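Q: As a plain string of letters, each chain reads:
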Amino acid sequence: MENVIGLAPWLVGFPLLGAAVLLLGGRATDRWGHWLGVAASTAAAVTGFVLLFAMISTPAEERVVDHHLWTWLSAGGLDVDLGVRLDPLSMTFVMLVTFVGTLIHVYSVAYMAHDPHRRRFFAYLNLFVAAMLTLVLADSYLLLFVGWEGVGLASYLLIGFWDHKRPNAVAAKKAFVMNRVGDMGLIAAMALIFANVGSVQFADVLPAAAGELSGVGASTATWTAVALCLLLAACGKSAQFPLQAWLGDAMAGPTPVSALIHAATMVTAGVYLMVRSAPILEAAPTAQLVVVCVGAVTLIFGAVVGCAKDDIKKALAASTMSQIGYMMLAAGLGPVGYGFAIFHLLTHGFFKAGLFLGAGSVMHGMDDEVDMRRFGGLSRFLPVTWITMGLGWLAILGVFPFSGFWSKDGIIETAFVPVDGQPWRAWLFGSVALVGAAITAFYMSRLFFMTFGGQRRWDDDHHPHESPALMTVPMIILAIGSVALGGLLAVGGTFTTWLEPVTGHAEHGEPVIPFWPLVILTHVLVIGAALLAFRQYAVSRVPVTAPRGSLLTRAARRDLFQDATNETLVMLPGQVLTRSLVYGDKAVVDGGWLGLGATVTQVGEKVRGMQNGYARSYAAMILTGVLVIAGVAGIAAAVSQ
Amino acid sequence: MTPGLEVSGGETMLFWVLAPLMVLAALGLLFVRRAVHAAMCLVFVMISLAIMYVAQEAPFLGVVQVVVYTGAVMMLFLFVLMLVGVDASDSLTETIKGQRWIGVLLGLGFAVVLTGVVAQATFQSPVGLESANAVTNPVALARVLFGDYVLAMEAVGVLLVTAATGALVLTHRRQLTTRRTQRTTADARVRALTEGVSLTPLPAPGVYAQNNAMDTPALDPAGRPVPESVPRVLRIRGQERSVTALLDAEAAIVGTDTSGDAVGPPAGLPAGQDPDSTPTLPAREA
Amino acid sequence: MEITNYAVLACILFAIGATTVLLRRNAIVVFMGVELMLNATNLAFVTFARVHGDVTGQVLAFFVMVVAAAEVVVGLAIIVTIFRTRRSASVDDVNLLKG
Numbered sequence: 035m036e037n038v039i040g041l042a043p044w045l046v047g048f049p050l051l052g053a054a055v056l057l058l059g060g061r062a063t064d065r066w067g068h069w070l071g072v073a074a075s076t077a078a079a080v081t082g083f084v085l086l087f088a089m090i091s092t093p094a095e096e097r098v099v100d101h102h103l104w105t106w107l108s109a110g111g112l113d114v115d116l117g118v119r120l121d122p123l124s125m126t127f128v129m130l131v132t133f134v135g136t137l138i139h140v141y142s143v144a145y146m147a148h149d150p151h152r153r154r155f156f157a158y159l160n161l162f163v164a165a166m167l168t169l170v171l172a173d174s175y176l177l178l179f180v181g182w183e184g185v186g187l188a189s190y191l192l193i194g195f196w197d198h199k200r201p202n203a204v205a206a207k208k209a210f211v212m213n214r215v216g217d218m219g220l221i222a223a224m225a226l227i228f229a230n231v232g233s234v235q236f237a238d239v240l241p242a243a244a245g246e247l248s249g250v251g252a253s254t255a256t257w258t259a260v261a262l263c264l265l266l267a268a269c270g271k272s273a274q275f276p277l278q279a280w281l282g283d284a285m286a287g288p289t290p291v292s293a294l295i296h297a298a299t300m301v302t303a304g305v306y307l308m309v310r311s312a313p314i315l316e317a318a319p320t321a322q323l324v325v326v327c328v329g330a331v332t333l334i335f336g337a338v339v340g341c342a343k344d345d346i347k348k349a350l351a352a353s354t355m356s357q358i359g360y361m362m363l364a365a366g367l368g369p370v371g372y373g374f375a376i377f378h379l380l381t382h383g384f385f386k387a388g389l390f391l392g393a394g395s396v397m398h399g400m401d402d403e404v405d406m407r408r409f410g411g412l413s414r415f416l417p418v419t420w421i422t423m424g425l426g427w428l429a430i431l432g433v434f435p436f437s438g439f440w441s442k443d444g445i446i447e448t449a450f451v452p453v454d455g456q457p458w459r460a461w462l463f464g465s466v467a468l469v470g471a472a473i474t475a476f477y478m479s480r481l482f483f484m485t486f487g488g489q490r491r492w493d494d495d496h497h498p499h500e501s502p503a504l505m506t507v508p509m510i511i512l513a514i515g516s517v518a519l520g521g522l523l524a525v526g527g528t529f530t531t532w533l534e535p536v537t538g539h540a541e542h543g544e545p546v547i548p549f550w551p552l553v554i555l556t557h558v559l560v561i562g563a564a565l566l567a568f569r570q571y572a573v574s575r576v577p578v579t580a581p582r583g584s585l586l587t588r589a590a591r592r593d594l595f596q597d598a599t600n601e602t603l604v605m606l607p608g609q610v611l612t613r614s615l616v617y618g619d620k621a622v623v624d625g626g627w628l629g630l631g632a633t634v635t636q637v638g639e640k641v642r643g644m645q646n647g648y649a650r651s652y653a654a655m656i657l658t659g660v661l662v663i664a665g666v667a668g669i670a671a672a673v674s675q
Numbered sequence: 108m109t110p111g112l113e114v115s116g117g118e119t120m121l122f123w124v125l126a127p128l129m130v131l132a133a134l135g136l137l138f139v140r141r142a143v144h145a146a147m148c149l150v151f152v153m154i155s156l157a158i159m160y161v162a163q164e165a166p167f168l169g170v171v172q173v174v175v176y177t178g179a180v181m182m183l184f185l186f187v188l189m190l191v192g193v194d195a196s197d198s199l200t201e202t203i204k205g206q207r208w209i210g211v212l213l214g215l216g217f218a219v220v221l222t223g224v225v226a227q228a229t230f231q232s233p234v235g236l237e238s239a240n241a242v243t244n245p246v247a248l249a250r251v252l253f254g255d256y257v258l259a260m261e262a263v264g265v266l267l268v269t270a271a272t273g274a275l276v277l278t279h280r281r282q283l284t285t286r287r288t289q290r291t292t293a294d295a296r297v298r299a300l301t302e303g304v305s306l307t308p309l310p311a312p313g314v315y316a317q318n319n320a321m322d323t324p325a326l327d328p329a330g331r332p333v334p335e336s337v338p339r340v341l342r343i344r345g346q347e348r349s350v351t352a353l354l355d356a357e358a359a360i361v362g363t364d365t366s367g368d369a370v371g372p373p374a375g376l377p378a379g380q381d382p383d384s385t386p387t388l389p390a391r392e393a
Numbered sequence: 042m043e044i045t046n047y048a049v050l051a052c053i054l055f056a057i058g059a060t061t062v063l064l065r066r067n068a069i070v071v072f073m074g075v076e077l078m079l080n081a082t083n084l085a086f087v088t089f090a091r092v093h094g095d096v097t098g099q100v101l102a103f104f105v106m107v108v109a110a111a112e113v114v115v116g117l118a119i120i121v122t123i124f125r126t127r128r129s130a131s132v133d134d135v136n137l138l139k140g
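Residue numbers (our numbering), protein chains in the order written: chain G, 35 to 675; chain X, 108 to 393; chain D, 42 to 140.
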């Protein structure tokens, strides 16, 4: 491990170099720029594999390595070292980001083939990957924050990639601004940590939170505040309630970007932050409960929204929100949950990337049509897409033995384990997770059947066709991952054990519903929901124009009024404030000064008539003044006598 | 009045005689139309003031008043009046709207207020200058002037010199053309010969046996009148008399009718003049 | 007779001088009005010198005379200059400097 740790900075270095060359090289790199992007990402992935094998061959207790690069800044009491922390958690993320990221790069070569700015697109993709790798490899909160902001920047650039269209630019801005809200949380958390621990290095902070360091530490209330600030940051980045509104609009970016954001980078950062800060969460049980609640709310929220969306990408976006909700839920459940959260994140990265790339492939074949009500019966025209998406669909449903089953079922099971001997929490969050799984099954099946099943609803202008190999091969690889990855890593608890150096070993508690009945119950619900969707969207006719629907449907179509809420609660007061300030500035400040000037001018206009050029008039004025003074003096003298 | 100073009966009489006259003269400044008359009024006021100074135990100031004001300042005024025009008088229409009423009102009000203030004020009992003037008034003044006020005295001296220089500069006219010398004048006249200007001095205006006047033109050797001989001012004013008119007048006196004697007005000459005829002036009889 | 009669006379003369300045348009007469005012103050000075038994008042009156002389010289020079250029001695004709 020690002999290859020096490679770790190159994980960031390769894609960063690629981005720099592509951005600085300009048009000169147009012809081969996309392949350079792919190469940079591939190089990172290869480096990742080398490090992975090195780590596997190292004994478990030596797998956490802090590699110091140089002292970044030293200001008063704040010393920040710039370094790399490589442990099973960051290794997992490195593999997910580089591997899935590389597949998406390859896919983009074909998907963006006709875009005049493909080179710039690849530069941003590389930047995105570099920023995400910085985030997961950082050995301090400050360096993590650098990656965090880099991810925000790259997502802004990519969501608004086609910024000549106004909605895209607005969507990019929305994502950026909402992420800033979360960033404030991270900054506040860092400030709190520094104030209480005196360092922002993971190596100092996490043991302090765990109470392993004597003399350093803080009260539970402080750790709760830190954890809540971190949660706010995670909510912003991972599109969790209440900062979820940007995710749907972020679909304005090219589809590979959506895949990258949803599967490998960006939204997973919040979960990473939660798991990385696990000791802090454990030091603050109240915050843990809040994390679970946020996860539960988001998972239902996303699932409900997903049921109503007709835009294939927006349905998938809602699904991501919901799935990340699962991960947050798990992250709030303690040591056992961390494992499943990251495990689900990993499997989700594969099948969600596959689903997004599949959606992109469908759009590619359907001339960028995204309305699922205008799809239907596409399985015949896009067989590869159909099969790969089908496998991804089964995976996200959590059907045995696909990937999703191993991770999601684990979360549901963990949710049913009573925490601190409080069975109500087990029942509540367990039921939420279970219901969420059923709804997930419904909307994903709806998506799948509306696209590939039933009658064709597209008109003759469209000529659906299968995508080129550059696009289908990554989809096939991801589909294989969706099928097999979960099973491979779950058997014998391989993955949980792998993560133990980070999360610590935890005995699996006893769920309130025994394991096998729970699995069967889950499957019954999932398959039932899928059959319901099949009956409604594959067997019976789907209207091309959406029916008005129930109150809930209409609300879900409008994202359960998330934008209206944000606009009313945040935007409107802000606008009113700024408008009143502008008005106040104009009326009071400007008006005051201008009025003063106008008054002086007008008084001057009136008074200047007195200067009539006649010396005798002036003499009269002087005499008047003398008269007044003499009169006053005389009266004063008379009075004083 | 405390027994410090008693105003003598003579002074009282002097005051009551002079004061009304002074006020009248001063009012003259307001009401007379001609500036010269105003100046005369002012001179009267100033001389009266000089007398009052002497009466008020300030003989030196009385003398200075006469010398400086009446002698110098008022003379200067008169000089300037001559320069500007003796008979220059104001037109009576007021140019500034309401100025007349404002002026009258302010003047009256001012007089009332000042008088009121003076009447209201309590003065100490007058001391008189007998002790101060013990060394004679000019000496007493000189002691204060060259003692306490020597600096002010010098400053005032500088001021006077500056004022004199300033007046010189203000009234000085720049030499815009070359200076006219006797030679240039002579040369100019010779050069102007071609334009019909005579080189010699003009003849004096007419001198006749009976009528010797500036307003009658001289006669050239041919007996024709020379209009240029009459002073320019008279010509411009139209006060010149033609030869014929003169002869007529003479005839009227003498009783001889000369108008018929082949004296007809030739063409090109002013009416009533006959250049060809030699106006034979009749011998004076008795 | 009270000695303040002189002061009252000075007030009246001063008021008449001031009124002259206000009402007359001939610059020379206006100037005479100014002179009248100066003379009135001189009378007051001399009178109060007598009241206080101190010749300083007379000294000040002397200064006033000197300054008045200087002022007259310059003032009349200005009048002459103006008359040369504008052929007028009226103070109302010099009214170009106005708002």
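Just so you know, these hints were derived from the structure itself, not from any lab.
All values reported here derive from a predicted model rather than from experimental measurement.
By construction, the Cβ of each residue, glycine as well, lies at the ideal position given by its N, Cα and C atoms.
One thing to keep in mind: the hints can contain errors.
[To be verified] Pair ranges (Cβ atoms, derived):
(1) X:PHE253 - D:THR126: 27 to 37 Å
(2) G:VAL610 - D:ASN136: 55 to 65 Å
(3) X:ASP327 - D:ASN136: 31 to 41 Å
(4) G:ALA670 - X:GLN231: 38 to 48 Å
(5) G:VAL673 - X:VAL246: 38 to 48 Å
(6) X:VAL124 - D:THR126: 16 to 26 Å
(7) G:ALA671 - D:ASN136: 22 to 32 Å
(8) X:GLY254 - D:ARG128: 42 to 52 Å
[What the hints assert, rightly or not] If you want the footprint, here are the derived chain D segments under chain X, 3+ residues with CB under 8 Å:
(9) 61-69
(10) 109-119
Q: Evaluate each hint against the coordinates.
A: Against the structure, the hints:
no.	hint	verdict
1	X:PHE253 - D:THR126: 27 to 37 Å	violated, 43 Å
2	G:VAL610 - D:ASN136: 55 to 65 Å	holds, 59 Å
3	X:ASP327 - D:ASN136: 31 to 41 Å	violated, 54 Å
4	G:ALA670 - X:GLN231: 38 to 48 Å	violated, 20 Å
5	G:VAL673 - X:VAL246: 38 to 48 Å	holds, 44 Å
6	X:VAL124 - D:THR126: 16 to 26 Å	violated, 46 Å
7	G:ALA671 - D:ASN136: 22 to 32 Å	violated, 39 Å
8	X:GLY254 - D:ARG128: 42 to 52 Å	holds, 50 Å
9	61-69	holds (count 7)
10	109-119	holds (count 10)
In the structure shown, a violation is registered for the earlier hints numbered 1, 3, 4, 6 and 7, in ascending order.
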